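Enquirer: Chains as they are written, first to last, in this note's numbering: chain A, 1 to 383; chain B, 1 to 584; chain C, 1 to 376.
Quick caveat, the hints were computed from the structure, so don't treat them as lab data. There could be a bad hint or two in this list.
[What the hints assert, rightly or not] Pairwise CB distance ranges (calculated):
| no. | chain 1 | residue 1 | chain 2 | residue 2 | range |
| --- | --- | --- | --- | --- | --- |
| 1 | A | Ala283 | C | Arg145 | 38 to 46 angstroms |
| 2 | B | Thr206 | A | Ile75 | 40 to 48 angstroms |
| 3 | C | Gln89 | B | Gln327 | 31 to 39 angstroms |
| 4 | B | Ser478 | A | Ile188 | 54 to 62 angstroms |
| 5 | B | Glu389 | A | Ala30 | 42 to 50 angstroms |
[As the list claims (entries may be wrong)] Cross-link-like lysine-lysine pairs, in silico, DSS-like; alpha carbons within 25 angstroms at most:
| no. | chain 1 | residue 1 | chain 2 | residue 2 |
| --- | --- | --- | --- | --- |
| 6 | B | Lys309 | C | Lys72 |
| 7 | A | Lys118 | A | Lys58 |
| 8 | B | Lys469 | A | Lys55 |
| 9 | A | Lys279 | C | Lys270 |
| 10 | A | Lys146 | B | Lys220 |
| 11 | B | Lys462 | A | Lys146 |
| 12 | A | Lys97 | A | Lys78 |
| 13 | C | Lys240 | A | Lys28 |
| 14 | A | Lys55 | B | Lys212 |
| 15 | A | Lys124 | B | Lys215 |
| 16 | C | Lys91 | B | Lys449 |
| 17 | A | Lys58 | B | Lys139 |
| 18 | B | Lys519 | B | Lys170 |
| 19 | A | Lys63 | B | Lys220 |
| 20 | C | Lys63 | B | Lys449 |
| 21 | B | Lys81 | B | Lys527 |
| 22 | C | Lys67 | B | Lys396 |
| 23 | C | Lys220 | A | Lys7 |
| 24 | B | Lys472 | A | Lys91 |
| 25 | B | Lys251 | A | Lys240 |
| 26 | A | Lys184 | A | Lys291 |
| 27 | B | Lys315 | B | Lys561 |
| 28 | A | Lys279 | A | Lys297 |
| 29 | B | Lys368 | B | Lys394 |
| 30 | B | Lys220 | A | Lys131 |
| 31 | B | Lys531 | B | Lys512 |
| 32 | C | Lys3 | A | Lys270 |
| 33 | C | Lys240 | A | Lys91 |
Since the structure is predicted, the reported quantities are computational estimates derived from the model, not experimental observations. C-beta atoms are modelled at their ideal positions from N, C-alpha and C, and glycine is treated no differently.
Listed below, chain by chain, are the residues.
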Amino acid sequence: MFKYLIKKLIIIFPSIFLLAVLIFFLSKLAPGDRVYAYLELKGTAISGNRTIEEKDYKEIAHKLNLDLPLFYFSIHPKAFSDSLYQIVIPKQKDSLKSLIISKAKASDMLPIISFYGKKNQFHKWFGNILKFDFGISSIDGQSVIKKIGTALKWTFLYIILAYILTYGFAIPLGIFSVYYSNRKFIKIIELKLMILYAMPLFWLATLSVIFFTSDEVIPFLNVFPSPGIGNIYGNMSLVKQISIAIPHLILPSLIIAIHSGAYLAALIKKNMQKEMKKKYSSALLARGLGKKEVILKHIFPNSILPLTTLIIVSLPASFAGSVVMEVIFNIPGMGRLLYDSLLGYDWNVVFTIVLLIGIFTYLSYIAGDLLYSFLNPKIQPWK
Amino acid sequence: MKKYSFFLIILFIAFSCTDKHTENTDSSGFSVKIGLKREPRALCPIKRNGNIERQINQYIFIQAADYDPFNLHNIPVFIEKIPDEISIDTGKFANTYKYDLTFRKEAKWDDGSDITAYDQLFFIKMILNPMVEVHPAIKNLYKKVKGIEIDDSNPKKISIYTEKNYMLSKELVTNMEIFPEYFYDPGKILRKIDFETFLNEEKLSTILDTLKGSKEFAEKINSAYFMREHISGQGPYYLANWETNNFIKLKRKDNYWGKKFTNIPYLENNPKELIFKIIADKTTAITELKNGNIDILQGISGNDFLQMKNDSVFKNKFVFQNPLSMQFYYVILNNRNPILKDKRVRKAIAYLTDVDFLIKTFGTGGEKRITSPVHPSKPYYNSDLNPIEFNIVKAKSLLKQSGWNDSDNNGILDKIINGTKTELKLTFIAKGNGLGKNIGLIMQENAQKAGIFIDVLSKNNKEFRNILKNRKFDMLPSFISEDLADVDPYWDWHSDNTGLRGSNISGFSNDKIDDIIEKIRNTRDIKVRRKLYTRFQSLIYEEQPVIFLYVPTNNIIINNKFRAKTSIKRPGYFANTFELNKNQ
Amino acid sequence: MKKYFWKISLIIFIFTGLFSGFIANDIPVLCKDASGYRIPVLEKNKNFVHKKNCKTLINPLIKYSYKSIDVKNAGFVSPFDKQNLSLGQQKHFFGTDQIGRDVLAGMIYGTSIALKIGFLSMALSLIIALIMSVYPSYYGDTLLRKTRVDIIIYFLIITTITYFVLNYELLKALSTIQIIFVIAIGIFLLIIIYYILGLLSALKKTISIPLDSIISWITKIFQSIPGILLVLILISLFSKPSIYNIIIVIGILKWPLIARYIRAEILKIKEERFIESSKTLGLKDSLIIWRHILPHIMTPVFIALSFGFASTILIESTLSFLGIGIPADHVSWGSILSQARQNYSAWWLAIFPGLAIFWIIFVFNEIGNYLESQNN
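Just need the whole structure built from these sequences, with the hints factored in.
Expert: Structure representation (structure tokens):
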């Protein structure tokens with residue numbers, strides 16, 4: 001068993017390295033001139049009226065390591081010299097490239113591998129990452145880790161809350177609908193839930209803000225506190241911050257729970273009905289076990305086995321938060337951060353988030369697999 | 001079952017921790033809560049500042065002199081009086097104007113030290129320092145300062161010499177914020193360089209390269225350290241808390257020196273705190289306003305404003321103000337496009353734009369149409385020019401006169417330009433899904449009736465800025481904001497500035513208008529200048545280089561527990577002057 | 001009763017969607033002029049200028065198009081308000097939005113949008129899902145056997161093609177003879193390598209390619225990318241927002257869901273006897289897959305497609321709400337619904353699209369449930 005574990009763990013490091021390489025190259029494809037973004041950050045380049053001097057451009061490009069080759073090596077046609085990377089000004093690079101292309105000969109297509117050693121952009125970037133330095137945001141200059149950390153705090157809170165409420169709501173509902181499957185009231189409840197599920201989330205959220213947080217429509221329904229996370233000061237202790245924020249986060253979590261819980265309950269019900277049809281359940285009933293006991297102690301555990309891995313595996317992705325909920329409920333979480341950063345071309349933040357989610361997803365798959373094998377004695381790959 | 005009732009009980013306990021209606025009116029004072037739709041990028045007057053930044057900055061940094069928001073006169077704030085303009089024709093500073101400023105003896109910084117000439121000297125040096133990143137427009141302005149003299153025995157006095165050929169040289173000198181030298185340059189690095197050196201860029205760069213500490217100084221000034229975390233100014237409030245994306249709190253300075261000047265609104269600090277809450281979603285912001293969690297919202301759309309105003313539940317709880325704002329909306333026409341180079345086509349588009357409909361649909365009723373790039377509040381506004389009416393017939397005839405016909409019967413006019421058959425198709429680039437896009441769609445509908453095809457595209461902020469920068473559009477909705485001083489039309493309307501680096505975005509150029517602009521810039525006699533402005537407006541009206549729309553109102557809703565006056569001066573409200581309404 | 005309900009709903013939905021141009025438009029359906037009968041609705045003209053020349057015979061049911069702006073009734077006019085109508089002008093049965101567009105016409109056009117987005121994006125998802133899941137689940141991890149040489153050559157072929165694609169501009173600049181020459185050299189080298197490697201007996205061994213594990217790993221990675229991230233990244237790759245971009249984005253977003261169903265079904269069917277007997281008969285793999293397996297899995301696939309269809313409508317309305325990737329004059333149920341947020345008292349902007357969205361989702365869910373019960 002240990003051999004199995006160790007094999008799985010060793011693969012993590014090269015996998016993460018590969019992931020980093022992939023994300024690095026992806027980030028190079030992202031639009032937007034990095035030098036101009038840097039200038040905008042400093043408040044210098046404005047209203048599209050300014051073009052900058054060549055030497056300034058080169059200076060900033062040098063500061064941002066843009067005059068280094070991309071990777072440890074590169075495979076390029078003979079036509080392009082191996083020091084093409086040194087030209088940073090886009091116009092010059094483009095015109096040089098067109099010149100080379102116009103003079104191309106057949107022999108120029110020959111692939112050449114050039115080695116650059118450690119002085120390349122990827123190495124510097126990766127080295128910084130290992131030191132937990134993810135750079136600064138190109139929108140407001142704050143350190144990326146700080147921005148992500150603060151946003152993650154709130155997203156984490158309401159996601160965990162939402163998970164608890166969703167499963168706390170869907171599981172008993174699923175069980176009840178199987179147990180009482182012939183009763184009318186279950187069917188009515190299911191219908192009501194379908195209505196809630198069939199509404200777009202943003203609409204459900206907006207309605208709940210109007211109805212439940214203000215006196216506007218029905219005054220005595222004003223039960224929940226205002227959207228947002230409350231008056232939290234940076235110098236408060238973490239516990240105090242969380243205790244102020246939690247009441248504000250209950251409504252959004254509830255809305256998420258109701259919206260996805262309906263679907264989940266139906267899924268659980270379907271799974272359980274499938275299990276009920278299997279031979280062992282009728283065997284158990286024939287043996288004299290009560291219906292309640294059969295359902296709770298046998299059918300239910302068997303049907304939620306795939307669910308447990310689902311929970312673990314979907315956790316990292318949900319840390320990207322829900323943009324819709326965060327916009328409407330005014331929560332400064334990861335969803336808003338991601339949305340603002342993507343639209344503002346803040347690539348340091350975006351790709352750091354992508355990297356972190358990628359790493360955690362990968363780790364959660366391993367954890368999920370292990371947990372599944374652990375829980376299900378039938379599938380134990382090390383036996 | 002028991003477990004679930006337990007959960008429900010916990011939930012109910014959590015509900016009861018609602019925080020609505022927490023009143024902050026304890027005996028030490030009241031607070032004003034303001035809703036902002038995004039975070040400020042930085043709190044620093046020398047950067048690119050938008051409406052959001054300005055709303056917060058104005059309480060922390062004040063100008064030495066400024067226009068009184070309520071009577072619109074330029075009044076001294078922390079200088080004793082508005083200086084006279086002395087023309088210097090000989091000597092070291094020949095061909096300049098001299099201004100002598102005296103700072104009020106009461107004026108002090110947060111650490112108790114006096115506001116002195118050295119601070120202003122530092123501020124100007126900092127702006128001219130090439131290593132400090134400053135909004136280029138500001139940098140260009142301060143390049144007009146030619147000399148500074150300080151008498152060491154009286155550091156409250158300063159003499160500043162500026163170029164003669166700048167129309168607003170007095171305002172340049174008097175209406176400036178100043179930074180405290182002790183706070184932003186504790187090492188007094190910039191003192192080590194004479195002011196004369198700052199006039200010579202090469203010499204300055206050489207000295208800065210070798211001067212110890214200058215690089216660190218610049219880096220620190222440019223970093224988040226001074227942009228977000230450590231901020232100190234001479235205004236009546238100081239930055240107490242900045243919780244990212246949540247709120248910013250300004251607290252009143254105790255024993256503020258400015259309090260005794262009761263006739264200067266900028267020095268008032270009635271509320272003990274100003275809390276700016278960041279609320280990105282507009283609907284949520286309005287809900288918060290109705291809840292009492294924020295007290296004031298500015299810049300609301302016309303629709304929302306009117307809705308609240310007519311709402312029976314809420315209209316009595318709020319004060320609704322919609323003064324004209326110091327800006328106007330217009331649709332930039334890219335005059336570089338051969339189709340739009342033709343004056344008749346531009347005028348036809350003007351006839352096809354139903355501005356009254358736009359005002360009726362999106363406005364509050366207080367908006368004013370404009371006919372030229374001069375704001376109606378200016379004393380030289382030419383009110384004789386009639387706004388162009390919505391008239392499809394006139395538009396069609398202008399287009400016909402200009403040679404446009406629908407030769408292939410496809411509903412779109414065409415014409416042979418430079419040998420090729422060109423259709424009258426224009427691209428309209430809007431930012432996002434707001435007012436600009438709606439204006440585009442309406443113009444599209446109306447233009448279609450005369451055979452012009454307008455393709456409306458909406459782009460996100462970044463793309464929009466790129467398109468604007470590279471002039472890759474035919475029509476672009478935009479606005480021009482102004483200050484209360486007389487405006488120099490050179491930057492936006494002179495042919496010198498039509499390049500990619502210039503602010504004449506429409507690319508419009510006309511010799512007669514260039515001529516008038518140059519005359520305006522060089523005329524110091526206000527009466528003569530104003531006559532020239534009138535002529536300028538008529539010439540622009542003739543040419544219709546862009547489609548002038550209207551002056552929007554600045555829609556402000558204030559909780560009526562405050563007594564507040566609004567003003568045409570940006571941002572329209574001055575929270576530091578609010579008072580509690582006694583009859584509450 | 002229930003069965004008829006959703007069948008009728010589906011027919012109404014498809015009919016309205018297909019013929020929305022005939023049902024709600026501001027130009028006539030049929031008119032007669034000097035050149036005979038004309039159907040303006042079908043003509044390419046954006047601007048039907050010859051209105052006066054052509055005598056209208058049949059008008060659409062609703063005399064507004066989804067984008068025509070009625071200036072007299074702009075600013076959220078309710079269906080029950082007194083509307084400012086000129087002589088002969090039709091009433092706005094569902095009211096208007098802020099700039100004066102008729103909501104009923106918008107709803108009808110929105111049906112065609114919902115239809116288009118739903119069907120086309122599901123079709124795209126299906127195609128991608130089929131490509132990504134049929135062969136892997138059929139071959140599993142053990143059945144696809146190739147020699148090591150073959151695998152190496154496939155890898156080299158892909159690398160070479162990638163190289164040529166990445167340096168496409170350089171290739172394009174060469175004269176045609178040179179291009180042929182370069183490609184020929186490439187092929188020649190590959191063939192030589194193939195033979196040389198083929199000589200080494202060690203490489204002649206056949207091994208099985210764990211296709212299923214590889215592809216399901218890729219699918220898992222894809223599924224673990226947060227939806228919003230994927231949407232925003234894909235949208236930013238398109239220069240001009242259009243409805244086809246949305247279709248592509250939703251199609252790419254949803255394929256893992258369909259693939260899951262396909263894979264589960266194929267795995268189930270693999271164990272059926274008739275597949276084994278086909279294999280012993282010596283039938284080629286591709287024949288078995290396409291002629292025998294695929295027809296059997298279509299029913300569960302349609303179940304997945306029905307459920308998927310419902311969610312595409314929700315995704316589109318969320319995109320309209322966030323304002324991402326939609327063209328400027330886009331009108332859909334989602335866009336009308338998101339306008340309702342601007343003005344709560346304009347209930348007609350919320351109720352009608354809300355009901356329509358709910359109705360469609362209900363219908364497709366019922367179809368899915370029905371198919372499922374048939375399947376079991």
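Enquirer: For each hint, tell me whether it holds in the structure or not.
Expert: Hint by hint, here is what the structure shows:
1. A hinted range of 38 to 46 angstroms for the beta carbons of Ala283/A and Arg145/C is consistent with their spacing of about 41 angstroms.
2. Thr206/B and Ile75/A have their C-beta atoms about 45 angstroms apart, which keeps the hinted 40 to 48 angstroms range intact.
3. Taking the beta carbon of each, Gln89/C and Gln327/B are about 37 angstroms apart, inside 31 to 39 angstroms as hinted.
4. As the Cβ distance of Ser478/B to Ile188/A is approximately 55 angstroms, the hint placing it in 54 to 62 angstroms holds.
5. Checked against the given bound of 42 to 50 angstroms, the beta carbons of Glu389/B and Ala30/A, roughly 48 angstroms apart, stay inside it.
6. For the hint linking Lys309/B to Lys72/C, the alpha-carbon distance of about 22 angstroms falls within 25 angstroms, and the restraint holds.
7. Of the pairs offered as hints, the one joining Lys118/A and Lys58/A holds, with about 21 angstroms between alpha carbons and a cut-off of 25 angstroms not exceeded.
8. Proximity of Lys469/B to Lys55/A is assessed by CA-CA distance (about 21 angstroms); at most 25 angstroms being required, the pair is judged to hold.
9. Restraint check for Lys279/A and Lys270/C: the C-alpha separation of about 22 angstroms stays at or below 25 angstroms, so the hint holds.
10. Proposed proximity of Lys146/A and Lys220/B is supported: the alpha carbons are some 19 angstroms apart, at most 25 angstroms.
11. For a cut-off of 25 angstroms, the pair hint linking Lys462/B to Lys146/A stands: about 24 angstroms separates their Cα positions.
12. Under the criterion of a C-alpha separation no larger than 25 angstroms, the hint pairing Lys97/A with Lys78/A is consistent with the structure, at around 13 angstroms.
13. For the hint pairing Lys240/C with Lys28/A, the CA-to-CA distance comes to about 22 angstroms; that is within 25 angstroms, so the pair holds.
14. Straight-line distance between C-alpha atoms of Lys55/A and Lys212/B comes to about 23 angstroms, which keeps the hinted pair within the 25 angstroms bound.
15. Distance restraint check for Lys124/A and Lys215/B: the Cα-Cα separation of roughly 24 angstroms lies within the 25 angstroms cut-off, and the hinted pair is therefore satisfied.
16. Our distance criterion of 25 angstroms between C-alpha atoms is met by Lys91/C and Lys449/B, whose separation comes to about 22 angstroms.
17. Restraint check: the Cα-Cα separation between Lys58/A and Lys139/B comes to about 22 angstroms, which is no more than 25 angstroms; the hinted pair holds.
18. Between Lys519/B and Lys170/B the CA atoms are separated by roughly 19 angstroms; this keeps the pair inside 25 angstroms, and the hint holds.
19. In summary, the hint linking Lys63/A to Lys220/B is supported, as the alpha carbons are separated by about 16 angstroms, within the 25 angstroms threshold.
20. For the proposed pair Lys63/C and Lys449/B, the alpha carbon gap of about 17 angstroms is at most 25 angstroms, so the pair holds.
21. A C-alpha spacing of about 24 angstroms is found between Lys81/B and Lys527/B, which places the hinted pair at or below 25 angstroms, so the restraint holds.
22. For the hint linking Lys67/C to Lys396/B, the alpha-carbon distance of about 22 angstroms falls within 25 angstroms, and the restraint holds.
23. With a C-alpha separation of about 20 angstroms, the suggested pairing of Lys220/C with Lys7/A holds against the 25 angstroms cut-off.
24. Proposed proximity of Lys472/B and Lys91/A is supported: the alpha carbons are some 18 angstroms apart, at most 25 angstroms.
25. Between Lys251/B and Lys240/A the CA atoms are separated by roughly 23 angstroms; this keeps the pair inside 25 angstroms, and the hint holds.
26. With a C-alpha separation of about 19 angstroms, the suggested pairing of Lys184/A with Lys291/A holds against the 25 angstroms cut-off.
27. Taking the CA atoms of Lys315/B and Lys561/B, the gap is about 13 angstroms. The hint holds against a cut of 25 angstroms.
28. Between Lys279/A and Lys297/A the alpha-carbon distance is near 16 angstroms, which keeps this suggested pair within the 25 angstroms criterion.
29. Restraint check for Lys368/B and Lys394/B: satisfied, since their Cα atoms lie roughly 23 angstroms apart, inside the 25 angstroms limit.
30. The hinted pair formed by Lys220/B and Lys131/A meets the criterion: a straight-line CA distance of about 23 angstroms does not exceed 25 angstroms.
31. Distance hint between Lys531/B and Lys512/B is fulfilled; the C-alpha atoms sit about 15 angstroms from each other, no more than 25 angstroms.
32. The straight-line distance between the Cα atoms of Lys3/C and Lys270/A is roughly 21 angstroms, inside the 25 angstroms bound, and the hint therefore holds.
33. The suggested pairing of Lys240/C with Lys91/A holds, with an alpha-carbon distance near 24 angstroms, which does not exceed 25 angstroms.
Checked against the numbered hints listed earlier, the structure breaks none of them; every hint is satisfied.
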